[in-house]
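Novice: Sequence:
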Amino acid sequence: MEKDQFNGKKKYTVNDFNLGDLAPKFEIPPKEEFEAFKKNISNLIGLDLLNYKSNQMERRITSLMYRNEIQKLDKYYTLLKNNLEKRKEFINMLTINVTEFFRNEDKFTDLENKYIPELVNKFGPALKIWSAGCSCGAEIYSVAMILDKMGILDKCTLVASDFDENILKRAQKGIYSRFEISEEVLKKHKKYFNNIDDTGEKFQITRNIASRVNFERKDLLNSKFDKGFNLILCRNVVIYFTEDAKERLYRGFYDSLNPGGILFIGSTERINYYREIGYKLISSFFYQKP
Numbered sequence: 001m002e003k004d005q006f007n008g009k010k011k012y013t014v015n016d017f018n019l020g021d022l023a024p025k026f027e028i029p030p031k032e033e034f035e036a037f038k039k040n041i042s043n044l045i046g047l048d049l050l051n052y053k054s055n056q057m058e059r060r061i062t063s064l065m066y067r068n069e070i071q072k073l074d075k076y077y078t079l080l081k082n083n084l085e086k087r088k089e090f091i092n093m094l095t096i097n098v099t100e101f102f103r104n105e106d107k108f109t110d111l112e113n114k115y116i117p118e119l120v121n122k123f124g125p126a127l128k129i130w131s132a133g134c135s136c137g138a139e140i141y142s143v144a145m146i147l148d149k150m151g152i153l154d155k156c157t158l159v160a161s162d163f164d165e166n167i168l169k170r171a172q173k174g175i176y177s178r179f180e181i182s183e184e185v186l187k188k189h190k191k192y193f194n195n196i197d198d199t200g201e202k203f204q205i206t207r208n209i210a211s212r213v214n215f216e217r218k219d220l221l222n223s224k225f226d227k228g229f230n231l232i233l234c235r236n237v238v239i240y241f242t243e244d245a246k247e248r249l250y251r252g253f254y255d256s257l258n259p260g261g262i263l264f265i266g267s268t269e270r271i272n273y274y275r276e277i278g279y280k281l282i283s284s285f286f287y288q289k290p
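Numbering (our numbering), first residue to last: 1 to 290.
Bear in mind the hints are in silico, worked out from the structure with no lab data behind them. Check before you lean on any hint, since a few could be wrong.
[As the list claims (entries may be wrong)] Here are the simulated PhoX-like pairs of lysine-lysine, each with C-alpha atoms no more than 20 Å apart in a straight line:
id	residue 1	residue 2
1	K72	K31
2	K75	K31
3	K289	K246
4	K122	K227
5	K227	K114
[Unchecked claim] Ranges of calculated distance between the beta carbons of each label pair, as one might list FRET restraints:
id	residue 1	residue 2	range
6	D198	D74	25 to 35 Å
7	P117	S284	26 to 36 Å
8	G278	K202	42 to 52 Å
Quick reminder that beta carbons are idealized off the backbone N, C-alpha and C, glycines included.
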């Protein structure tokens, strides 16, 4: 359950409810049927569901089945196979797509005042930066604004990736409602947002910021990563991944970073085995490749 920051009302998602209370006659499919479904759907959409934690994944799948009034996994698979919109709905459920501009502002302050200047001192102004699991693009655009303030945006390479094609299209447009941008962000970074309607409820990222980001579709757990990054952001993406999937992902990021490069993760995340991979913890949520 989340709280709307503007009107104080409680905003519910399907995960806040006990499905048994909502649908007492709804039969939860057995584990073996879920395993078969996950293998079939992985082949259909090209995203390996076995890398996701079973309990959370099965709860979300069951919620979607309930929403579509389907009780059998084989019938739900047939629906997803034959209905593109329902398949998009399913992928959107998997990929979460929650982000904010300057999320955890104190950490972005550290990024701006400490870590990016250190990276510039070490590598020069032509930094190579990747936002992995970028969702609607708010985070990579936040970084681009910092780089523009520092006067080095035009020298940097910014890449942002996500598995969800629809969310990537939205990120490329860079259009956001008033409710997706906090008062504080608008006040501090007003020059990077163009008001595009008469009501003041819709904004678009300015062209000089949006044009500097290259968006691409990527499955983080089944794709080869580019090399030579100075900074990688992967924030609030791995929450539903298995521990094995997380470790493979963090090892992949390590290999993609230049020595001295930094990985910036979410405020609810930690890498328990960072020493075994080779990282150095330089402060909360910031890991460096020595």
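Novice: Work down the list of hints and note, for each, if the structure agrees.
Specialist: Hint by hint, here is what the structure shows:
Distance restraint check for K72 and K31: the Cα-Cα separation of roughly 13 Å lies within the 20 Å cut-off, and the hinted pair is therefore satisfied. For a cut-off of 20 Å, the pair hint linking K75 to K31 stands: about 16 Å separates their Cα positions. At roughly 17 Å between alpha-carbon atoms, K289 and K246 fall within 20 Å of each other, so this suggested pair holds. For the hint pairing K122 with K227, the CA-to-CA distance comes to about 17 Å; that is within 20 Å, so the pair holds.
A distance of roughly 23 Å separates the Cα atoms of K227 and K114; the hinted pair therefore is violated under the 20 Å criterion. At about 50 Å, the CB distance of D198 to D74 disagrees with the hint of 25 to 35 Å. One distance hint, 26 to 36 Å for the beta-carbon pair P117 and S284, is violated here, with the actual separation near 19 Å. The given range of 42 to 52 Å is respected by G278 and K202, whose C-beta atoms sit roughly 45 Å from each other.
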